[in-house]
Every structure is written in structure tokens, then in C-alpha cells.
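Trainee: Chains B and C, in that order, are what the protein sequence lines are.
Here the first sequence is numbered in numbering that gives the first Met the number 0, starting from 0 and rising by one per residue.
Here the second sequence is numbered in numbering that gives the first Met the number 0, starting from 0 and rising by one per residue.
Be aware that a few hints might be false.
Simulated crosslink set (DMTMM-like; lysine to aspartate or glutamate; CA at most 25 Å straight-line) [what the hints assert, rightly or not]:
| id | chain 1 | residue 1 | chain 2 | residue 2 |
| --- | --- | --- | --- | --- |
| 1 | B | Lys-232 | C | Asp-124 |
| 2 | C | Lys-274 | C | Asp-325 |
| 3 | B | Lys-523 | C | Glu-571 |
| 4 | C | Lys-523 | B | Asp-184 |
| 5 | B | Lys-609 | C | Glu-588 |
| 6 | C | Lys-440 | C | Asp-114 |
| 7 | B | Lys-71 | C | Asp-184 |
| 8 | B | Lys-523 | C | Glu-564 |
| 9 | C | Lys-360 | C | Glu-295 |
| 10 | C | Lys-523 | B | Glu-568 |
| 11 | C | Lys-71 | B | Asp-184 |
| 12 | B | Lys-609 | C | Glu-307 |
| 13 | B | Lys-660 | B | Glu-638 |
| 14 | C | Lys-339 | C | Glu-421 |
| 15 | B | Lys-523 | C | Asp-519 |
| 16 | B | Lys-440 | B | Asp-162 |
| 17 | C | Lys-523 | B | Asp-519 |
| 18 | C | Lys-232 | B | Asp-184 |
| 19 | B | Lys-232 | C | Glu-187 |
| 20 | C | Lys-360 | C | Asp-383 |
Bear in mind the hints are in silico, worked out from the structure with no lab data behind them.
Predicted model, so just to flag it, every value in this text is computed and none were measured.
Residues per chain, in single letters:
There are 2 protein chains.
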Amino acid sequence: MKSLEHRCSSPFHFVLISLLFASSTSSAQSAVTLDLMPLPAHVVMGAGQLPVNGSFSVELKGYTETRLVAAKERFLATLGRETGIPFGKDAQPDGATLTIQTVGASEAVQRLGEDESYKLEVTADHARLTAPNPLGVLHGLQTFLQLVRITPTGFAVPSVTIDDQPRFPWRGLMIDAGRHFMPIDVIERNLDGMEAVKMNVFHWHLSEDQGFRVESKLFPLLQEKGSNGLYYKQAQVRAVVQYAHDRAIRVVPEFDVPCHTTAWFAGYPDLASGKGPYEVETRWGVMDPAMDPTRESTYRFLDRFFGEMTALFPDAYFHIGGDECDGKEWNANPAIDAFKKAHGLKDNAALQSYFSARVQKLVAGHGKIMEGWDEVLQPDTPKDVVIQSWRGPTALAAAAKQGNRGLLSTGYYIDLNQSAAEHYLADPLAGDAASLTPDEKARILGGEATMWSEFVTPENVDSRIWPRTAAIAERLWSPQDVRDLTSMYLRLGVVSHKLQSYGLDHLSSTEPMLERMAGDPYPKALRILAAAVQPPVGYQRERLRHYDATSPLNRLIDAVPPESETAREFAEAVKAVVGGDALPGQRSEVRHWLVVWRANDARLEPGLAKSDLTAELAPVSQTLSQVASFGLEALDDLENHRTLDAGIAQRELEILKEAEKPQAVLLDMVVAPVESLVQAAAAK
Amino acid sequence: MKSLEHRCSSPFHFVLISLLFASSTSSAQSAVTLDLMPLPAHVVMGAGQLPVNGSFSVELKGYTETRLVAAKERFLATLGRETGIPFGKDAQPDGATLTIQTVGASEAVQRLGEDESYKLEVTADHARLTAPNPLGVLHGLQTFLQLVRITPTGFAVPSVTIDDQPRFPWRGLMIDAGRHFMPIDVIERNLDGMEAVKMNVFHWHLSEDQGFRVESKLFPLLQEKGSNGLYYKQAQVRAVVQYAHDRAIRVVPEFDVPCHTTAWFAGYPDLASGKGPYEVETRWGVMDPAMDPTRESTYRFLDRFFGEMTALFPDAYFHIGGDECDGKEWNANPAIDAFKKAHGLKDNAALQSYFSARVQKLVAGHGKIMEGWDEVLQPDTPKDVVIQSWRGPTALAAAAKQGNRGLLSTGYYIDLNQSAAEHYLADPLAGDAASLTPDEKARILGGEATMWSEFVTPENVDSRIWPRTAAIAERLWSPQDVRDLTSMYLRLGVVSHKLQSYGLDHLSSTEPMLERMAGDPYPKALRILAAAVQPPVGYQRERLRHYDATSPLNRLIDAVPPESETAREFAEAVKAVVGGDALPGQRSEVRHWLVVWRANDARLEPGLAKSDLTAELAPVSQTLSQVASFGLEALDDLENHRTLDAGIAQRELEILKEAEKPQAVLLDMVVAPVESLVQAAAAK
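Just chain B, with the same shape it has in the complex (with noise of 0.2 Å):
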């Protein structure tokens, strides 16, 4: 679910700070040497490396299959983008060999909870890989390419043993393809980037009140009506799930009922509780059209179309949604009131657990698991159905005291530009689900980023499911005390890098935007500027300014990553800074940033009003400037052993607070260190 509504915003960049410097303690991590992300369950260093030159070469033994040779072909494409190194198909007699020892098959449509576990040792002069099936194969494939290393002798692996599995079953990324819909090339990519974190769920949100995603033989006015021309073709379908297959991952579809519908109407009106006529939705929020629960020609009509759709989506769950009716249209029409009195269905909510039950049935007839938001869950519920939350950990730990399996997806919002910190540390069996019992907390199968399309499009998506979709990743897959975040933050930067390899736009995409809405191709002061910024979190933006489908996504706060690790890398030395215990380099690091601030706006400021899109950046350029000139003066009176005048530093902190607010959409990330520096030098 997708709420505009539910959700309360929080003080991002305090937020930031306040994860990021309180609790640098951490269990003990015995890999921390290793720029693994997931970290392993369990790593034992060696010694010495094994070279990956040239002759590096792969051999497959045990049980084989398409999917493993593909996979190694994958590998070693993957492994040359990633060294630069030509690798021949042939294993060459003179250089290190990987063995992959396979003892036997997965199941030909891959199951929840099906081991994934792999080995891997790698000792000076071989690599081993074993695993029960293919798909621990693929995920130590992965793990060996994240070890790959340039060293003084050429790209290497260290010696190591490693003994890994994953904590949770379901580990999944959400794309909603409905609100902007995301072309092929962009779900493989994720795919690939999803595979390399050793996720395997993907969750294909494709049906909305903005768009019907997917092609429908039997009911064609779905796509035809209920889309703008952009949906995919089964046989794409069919060449995703096969695509997700080979990377070890599971393809749940989305099709979102009772409500979030209305591009359903737009074909098929008579779906509908209202009058209509349906046009495909265009605004953002919750709307009103839902589908009429009351007229067994709805079931009729979901039966056939979810037997074509189970058809398509071979794996055994089927997520129907069911989130946020606000019953506008059940509430205006006579009909269904009087099915409402006769059924002895006291609210919407009865109603739409009527619906969900029927629901259920259907798609077991169809011989799939139900798999819903919140919503669905009602005290009948049969105990098979999965519940995804985005109610929260009590939502979760109620679901699975009821017997019901869950997911979590409360924390791991990443269109709401929240920190990885943040997403790190949100944990399923957290909160309530804590004090569950081992069975009950069996139940927990683990959680999802969702990828919320309001704002993202094809140009931006990667920034802002990558890296932070990582984090996450690790969250799901290792132990539960793997919580440190300075390890995270550092293997985080690595890892981030490393998936370019895989094709991932996420880290290229900033800068050509920043060209564009600056119509200059070198557009130095704006980069430095928008280092220094970030998106609101939560649901402010839409707050702050009015958005639809139709907006151009092309402005700085589309451009900028949703968290700026220049802000993150500052405020971290200003901690250090203020709390006396600098590195070497720190000190001079705030000094030179606060400079190059303090001057920007200097140079910016002249250029913007040429641009459209870069005019509203005007206050936002002279904030940063003046904020960066109050940093700079408290610098100078901590290192010179100055106290600031209080009556300064009151006024300081009053504009300061002011700087806080967002301006054209986005934050001054510099801020809050800055109001450190002040409040210290006042303090002194």
C-alpha cells in the first residue's frame, strides 16, 4: 500500500545524526574486513589470496543444469566489467579455477523457504563453491564477486571460508509499475541488482488508479483503456519471470483489489460501485472508484482474469492488494447498502472482509497462495494467506499470533527518501514481534522495499532503490546482531559502486540532470550545491507542492540522491570536530567544505535565473552560503579558544532554524552540523 495519509513525517536530518553517531557500538562481526554486503552468517579469514587474472577460469560439477551454465557464462561477464579483464568460456590449464559443486536440483518453480545456503573457501591456489542446489550457487556467486579486490599483484580474492545463509525466506523489492510505469531494461536491471544482494522476491506492483500494467488476452481493455499505451506483453512477462528465475529470484504480481482500480473502470466500467464514466486517474492520492464486492459478475470477471494471470506468474503466491478503500462509492450506492443490510455486514470494513474472503477463494481455486496488505487480515482469515505490512511491527506480531504468515515493509519505504541508517535498523522481529513465540516468530517471513512510483521515472528509479535497497538486503539476509552502522555505511560505499558493474544507473544518473536543468554542461557550482541537499522524507513533498502524473520529474529534487553522503561524511567530522576526538584531516575536511559553501552561491547565483528549473534554487544557494559563513566563524572561534557571543549565536540559531525548512522542495543537509558548531562555540 501507498498512503498519502497514514504517515507522519520525522525531523529527517536530527534523525541522521542522531542514528549515526549515538550507537557506533556493535556486536561482534567477524567479517568486517570483507566489503560484503549481506555480510555472511559465518566467515573465517585465511591467509595469502587467490589471483583473478586472465586464466582465472570457472568449472561446474555435480548436478547441472541451463541455469547454472548461464550463470557462469553471467559470472565471468560480470567479473570482466568488474576488473576490466577479457575472461575466456573454456577453463585455461595455467590459471585459478572456481569449482561450483552442485549436489542437486531446486524445485522448477522456486519455493519460499527453500534452502539457499552455500560454502565457499577460497585458499591461495583454488576456489570452491558447494551448495545443496543452484540457488545457494547463485548467491555464492555473488558473495565471490563482491570479494574481488584490486590488490598490488592485480584483482584478487583473500583466503577465506565461508559458511552463509540467509535469516529470512522472503527477502523482496516492490517496484510499483502502475503510477510510473518502468520499461523492461529497468526491471532487469534491478534484477540484477537484487541478485547481487542476494534478494529473491520481486514484487511487480502492476495494476493502479494510474495505469493497468499488463497485458490481458481475455479482457483487453485493461491495458488498452486502462493504460497510456505503456504496459508489458505477456511474453515479456513470461521473459522477466524467466529472467528472475535464473537470478534465484520469485515473481509475485500485484493486482490490487478492491480498490486502487479505477484504470480497471476506464475498460470495464461495470466493475465498478459508482456510475462512472472511468477515465485512467491522473491525480496522486486515495480515490474513491472500487470495485463492486455485491455482484457475483465481479468474481465472475476476477475468476477468468486471475486464471490467465496464475497462468503467467507461475510462483505459488498472488498478492491482491486490498489496501486503503475509503468507501466513497460503496457508501453512495443504494445497492450496495442493502447487500451490506441483508448480509449482516455492519461497516465497509465487513464488507470489504467479505470480499477479501471471496477473493481468497478464487485464487486457491486457481491453486495460489493469497498474499494481501493489512487490510485483509480479519479474524477468518484462512491461515495460508500472507499478510504484508505497512501498518507496523504490532500489525505484523497481531498477524502472527493469529497464525498468519507476515512481511514487513514498515521501515523499508524507500520512496521516502529515509536514511539507510534508518532502513538498516528497522528489523521485523523488532517491537512486538519480539516477545513472540519461536512458532509465532517462524511466521515472520521476513519484509520488502517498496519502491513507490509518484516520484521516480525511468531516469531517476535506480537513485533511489540503490544503495539504500542494500541495506536493506543485509537487514533480511544476515544475523539479526549485524547492526553496526559505520561498517554498514563503509561496505555500503563499496558495494554501491561495485553494482555499476551490473548495469545500475543509480550513482551516473545525478549529473546529466544537473546539466539539463542548468542548460550548461559543466554545471560545478550547481553540483556542489546539490551535494548539500536531499528530498524531504516521508509525505511532506507532496505537501509542500502539487504534483500528478503528468509533472515533469526534472527539477534538483528529482536529480539528488535521496541521501547525501557528502551531508553525511560533514556532519559526521563536525560530530568528531565538536566532540574533540577529530581524525587528522577532519578538522581541515569542515574547514574546506564550509569554504567551498561559503563561495558557491556567488558563483551559482548569477546562472540560475537562466533556467526555468533552476530559478526557484536562488534562496536555497544563498542559505547554504550563509549557513556555511556561520560555520566558518564558529570554526574559527573553537580552534582559536573563542567563546561566540550567546546574543550571536541566538540570533545565528534562529536563522538557522529558519534554513531548516525546506526551500523549492529540498533540505539544507548542512544545517544541523552547522547548528552543532554554533551551539559549541557558544558553549566554550
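Since the structure of chain B is already known, use the hints to place chain C on it.
Mentor: Quick look at chain C alone, frame taken from chain B:
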């Protein structure tokens, strides 16, 4: 042809500077304020501008066909990437419209010399593109895309009337897929780039000693034994031909015979003049293996093979190579020697001439016109044979005098790391060709940029082709007197960044390679070094270090672009400082860079030894800092009106002379401008 032997290299950085700064005079150019490349034949500026916002639309009138409908959709998609605005497929009633009026069809198979003209009129409320046929429409759409710019009121196109047609009918880019295979996505995105700058011939070099790259169904061992598994399926070839046709680009295949044919012999050794056995070659250079021109079986084979390939490639021209036969296999074969004597063929050139004449008849028998490199031209060569000249303007003019048509590639060898300026000033009608009669001049069809692929992979090939090929495209399209280098470089910078909207990687490929070789996600100091160096020009590289087809191309030389923008701008600023006509900011720019470079080695050096790929850069880095320190001292002297001591200057110039030499196969592009600073300081 691709010679390692027949060329001499030039001292690139001197050439660069003399070209850049010696000839800033130029003929009148009416359109210098428009960032177009190639510049149109005729431009008249109007007043005002046409807004390009979300309600902009395109309307097709007059003659239409599938290609035009597809072109409209591609245009809107590119415009969408160029602006970040989503454009609907259907005309909006309330926005500006581009009306496309097409008079009639073009030839089913694009013909050399077909009318490519168009007229584009843009006013404040309307745009109209008219053309005799779809070729002109396709070109005009690219002009429109280049005209789009961000303004204070949003994206817009300035009011303008453009009447445009090409100077030459053959404007080609050759890509060598033989030495390093180039996957289909590389080919397609480069076709997109070609379309953007109105090039109209894709010359696909498909067979080499190092690889046979197209599927033959008649002779499958060609690709099976003649490649490492990397070749184009026939269905892929057909798709590329269609892709090119959709972009007004002809596809001319080249199958190079009788030499450069080792890969053929791996599967079909009976074709060869030697005893074999043959394997696909992995060395670079001119190889001995050659087809046996004395056996009828050779011609029977070629006839059947040409039959298959001429059916696959619809273009009227068929390139048979014909270059660089060293004759060693012919000399070593007594039967061939006997054949020469029996037929009065006095030498190997005569033997090849015999072969070329036979091959020409085969090609003609399949309804095609033969094209070949210089070597195929003999006194009795049929007049329709087209000569591609690597030998230069004299050879080209000789061909034209003899009645043959030809095109220039000398000067357009984009694998040789020459500057855009050098390529730009090479003209097909310069040198001997300038004094040809009008009829003879008409036989000079144009030219082709040649991307030989010893030193490129799919990862960095875009950066070798673009943006410099856009300058060559302008040479071949725009009027001959369009040759102002300052204007060219300004527009090239803009167009280069616009080409990102076409999916080309030329600007974004450097950074990941730097990160990879450094093993550091933020290789700041390496970036600074990288921006100051260039690969050596010409054939120096292979003389400085051994390379073959298995060599990884993952070092700094492979990551940096062939022409350093930083160094070029630095040199330009230094020239202004030395000349006493520096613009405001140029002097501080010079100082800024010298300070950065002087300090850089201290930051970079400690990390270089951590990577096998960067360890060799230590002297390069050290030299850059030393050179910069000389430059700073000289700059201080100049600014303080002091004269640099002649003895010191002498010693510094000796050291600088040494620093001109390649280190780690890289040229330091800062040396030459610093030499001029030192000379100026000493001359004060």
C-alpha cells in the same frame, strides 16, 4: 585498412596547440549562436522562441509511412530524456505543435545521393518541418532536438528558419567488430549517435584475422571456428539494418579479402595460400595468411558466401577490403609462384589485382557495387568501384582522376587519439583534390571515421568515437568554409552532453574505470591526474608496450578520453596569459589548476601502490606535480614582472622536454603549456 606500419605519428600536443591557437580566424558563419552540429547550410534567426512544455506535440502531414510514425515516437522519447518532460503520444489541443510535411517516399533501399534536404521553420507559436522525403524529415528532427534549450521560461526552441542539405552524400562511421567484438547494444547506441549528427553510412567491419563476426548458414565454420563465440546472428544483422534504415543510415558490410583472413581459415583452411594449421589470431598487426587467389575453389566459395551476405545486406555497396597483403604466403607457395608466371603476373600487386578483378565480377554478379581500400584500385578497375582511401588525399585525387569514386578516411582515424581539431580540419577536397575539375570533385563522395578496435572494448568504445566524430560529421555535412575551431569546440561540448540523451556512454565511462583501477569508490586525486593526461597519438602505443587480443584494457590510458578538455582549456588560458590578452578569470584559472596539480602527487602517491593497475602511475603523478611547480614559479615571475633566470629556465626546459615523453603509455598534456609559461617568464 588498419595499419600498424604505414603511418608515422605526430607530436600531438604541439599539433593540438598550434591548431587551436594559430587559426582562430574563420569565414562568416551565420549560426554561431546556435549550438548545432553539424551547422546547417543556411540559417536565418527570427525573434522570440517556441515553448516546449508538456503540451507540445508533433503532427505528421502529407506522405507517411511506418518509419515516420516510429520517428515521431522516438523523437518524443528523446525529447523526453532531453527535457525530463513526459510527452504524450497524441496531440494536445493547447500546446505548440511541430508540423511535419513530407512530400513523398524515399527509395525502399536508401540510395547514395538521395535527396536529404529539409527546411525547418520555427516561430513563437509554431514549428514546421518540410522535406521531399523521410530522409530530410529524420535529419530535420535531429536539428530540432539540438535546438531545444532551457530558458527562464522553460524549455524552448528559438525562432529560426533553416534550409539545409549535406555537402557530401557519404558520411560514414566504420566500426571494427572483428578485433574486439561489439555487441548489438553498442552498435545500436552508436547508430543513434550517428543519426544525431546526420551521418548516413554505417560501415560494419565484420571479419578480421582476430575474428569472423557474422553467422553464415552456408559456411557455419566461419563463425564457429573463426570466433570466440562472439558473432552476430543473421536475425540480429537484419534488425540492425532495419534500425539503421529507420535512422536514414545505410549499412555497408565489409568482408576483408584476400588478407586479414586468418579467422576464415580456422574453419576453412583450403581457402588459404599456406599449409596451416590456422587458428584465430590473437596478435595485432599485419599477418601473413592470405587467400589463395589461384584456385577456382576460392572463387566458388566467395561467390556462394557473397550470395548469402549480399542477400542479408540490402545496400547497393559491398566492401571487400583488399588492404595490407604482405605476400609472404604467396611467395612461399610454389603453385602460386607457377600461376603468376603462367599468367604473366609480375608481382604480388599484380596477383592481388587479378584477385580483385575476379572478386569484383562476383560482387557485380550479385547486383552490388564493389568498394575497397586503396589497394584495389588498378588502371583497369571498373569505374563504378568505390575507393576508400587510407593513403590520403593524393591517392583519393588520383582515383577521381581515373574516373573512380572515392571517400576519405585519412584524417578520420579516430582510433589514433588525435584531437577533434585535427579531424575537423581534414577535408576530402583538400590537397590534391582541391585542384580537381568539378566532375572529378563530384567523384569524392565524402568520408568515413574509422573506429579500429585493437584498443577499445564495449566499455570505452563510445569515448573513442564521441564526441570527436561529431566534428567529422560537421566536416562532411556543413559548407566547406565552416571551420572555426573556437566555435567548433564550444558547440562540440554542448552536443557531446546532449548525446547522453541518446544512451551513449562516452562521458560516463571514465569514472567507473578510475574507481575500479584504484579500488576506491572516491578516487579524487586520480581523477585530477586523469584529466591532465592523454593516450599517445598514432601508433606509439603498441611500440611502447606489448598488447594482443587478450590484453585487459583497464588502465588509465583506456579510461581517459583521447582529448583532455581540462588540458585544452588550460592551454588556451596559458596562451592568453602569455599573449597578454587573458580574459578575466583566465589567469586565476591557470593558477588554480597549477596549484591543484602541484599538490596532487602528495595526495595520490600513497595509494597508487595498492593497485597493480595504478602502481605504474607514480612517475606520471610525480611529473605532473613537478611540471606544475615550474609553471607556478613562472606564473609568479610573470605576474611580478620578474625575469626568470636564463640558466634556471634552461634546466627547467630540459626537464620539461623529458616530461613530454610518454610515461606509463600516457602523455602529460600540461607540459607544453608550462613550457610556454617558462619561456615567457625567461623572455621578460
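Trainee: Confirm or reject each hint.
Mentor: To see whether the hints hold, each was checked on the structure:
1. Using a Cα cut-off of 25 Å, the hinted pair B:Lys-232 and C:Asp-124 is violated, with the two alpha carbons roughly 39 Å apart.
2. Using a Cα cut-off of 25 Å, the hinted pair C:Lys-274 and C:Asp-325 holds, with the two alpha carbons roughly 17 Å apart.
3. At roughly 20 Å between alpha-carbon atoms, B:Lys-523 and C:Glu-571 fall within 25 Å of each other, so this suggested pair holds.
4. Our distance criterion of 25 Å between C-alpha atoms is broken by C:Lys-523 and B:Asp-184, whose separation comes to about 31 Å.
5. Between B:Lys-609 and C:Glu-588 the CA atoms are separated by roughly 24 Å; this keeps the pair inside 25 Å, and the hint holds.
6. Distance restraint check for C:Lys-440 and C:Asp-114: the Cα-Cα separation of roughly 19 Å lies within the 25 Å cut-off, and the hinted pair is therefore satisfied.
7. Between B:Lys-71 and C:Asp-184, the direct Cα distance comes to roughly 22 Å. Compliance with the 25 Å bound is thereby established for this hinted pair.
8. For the hint linking B:Lys-523 to C:Glu-564, the alpha-carbon distance of about 15 Å falls within 25 Å, and the restraint holds.
9. Proposed proximity of C:Lys-360 and C:Glu-295 is supported: the alpha carbons are some 14 Å apart, at most 25 Å.
10. Only pairs whose Cα atoms come within 25 Å are accepted, and C:Lys-523 paired with B:Glu-568 is accepted, the gap being roughly 15 Å.
11. Of the pairs offered as hints, the one joining C:Lys-71 and B:Asp-184 holds, with about 22 Å between alpha carbons and a cut-off of 25 Å not exceeded.
12. With a CA separation close to 57 Å, the supplied pair B:Lys-609 and C:Glu-307 exceeds the 25 Å bound.
13. Distance hint between B:Lys-660 and B:Glu-638 is unfulfilled; the C-alpha atoms sit about 29 Å from each other, more than 25 Å.
14. Between C:Lys-339 and C:Glu-421 the CA atoms are separated by roughly 43 Å; this puts the pair beyond 25 Å, and the hint is violated.
15. A threshold of 25 Å between alpha carbons decides the hint, and for B:Lys-523 with C:Asp-519 the separation of about 23 Å falls inside it, so the pair holds.
16. Our distance criterion of 25 Å between C-alpha atoms is met by B:Lys-440 and B:Asp-162, whose separation comes to about 24 Å.
17. Our distance criterion of 25 Å between C-alpha atoms is met by C:Lys-523 and B:Asp-519, whose separation comes to about 23 Å.
18. For a cut-off of 25 Å, the pair hint linking C:Lys-232 to B:Asp-184 stands: about 22 Å separates their Cα positions.
19. For a cut-off of 25 Å, the pair hint linking B:Lys-232 to C:Glu-187 stands: about 23 Å separates their Cα positions.
20. Restraint check for C:Lys-360 and C:Asp-383: satisfied, since their Cα atoms lie roughly 12 Å apart, inside the 25 Å limit.
Hint compliance for this structure: hints 1, 4, 12, 13, 14 are broken, all remaining hints hold.
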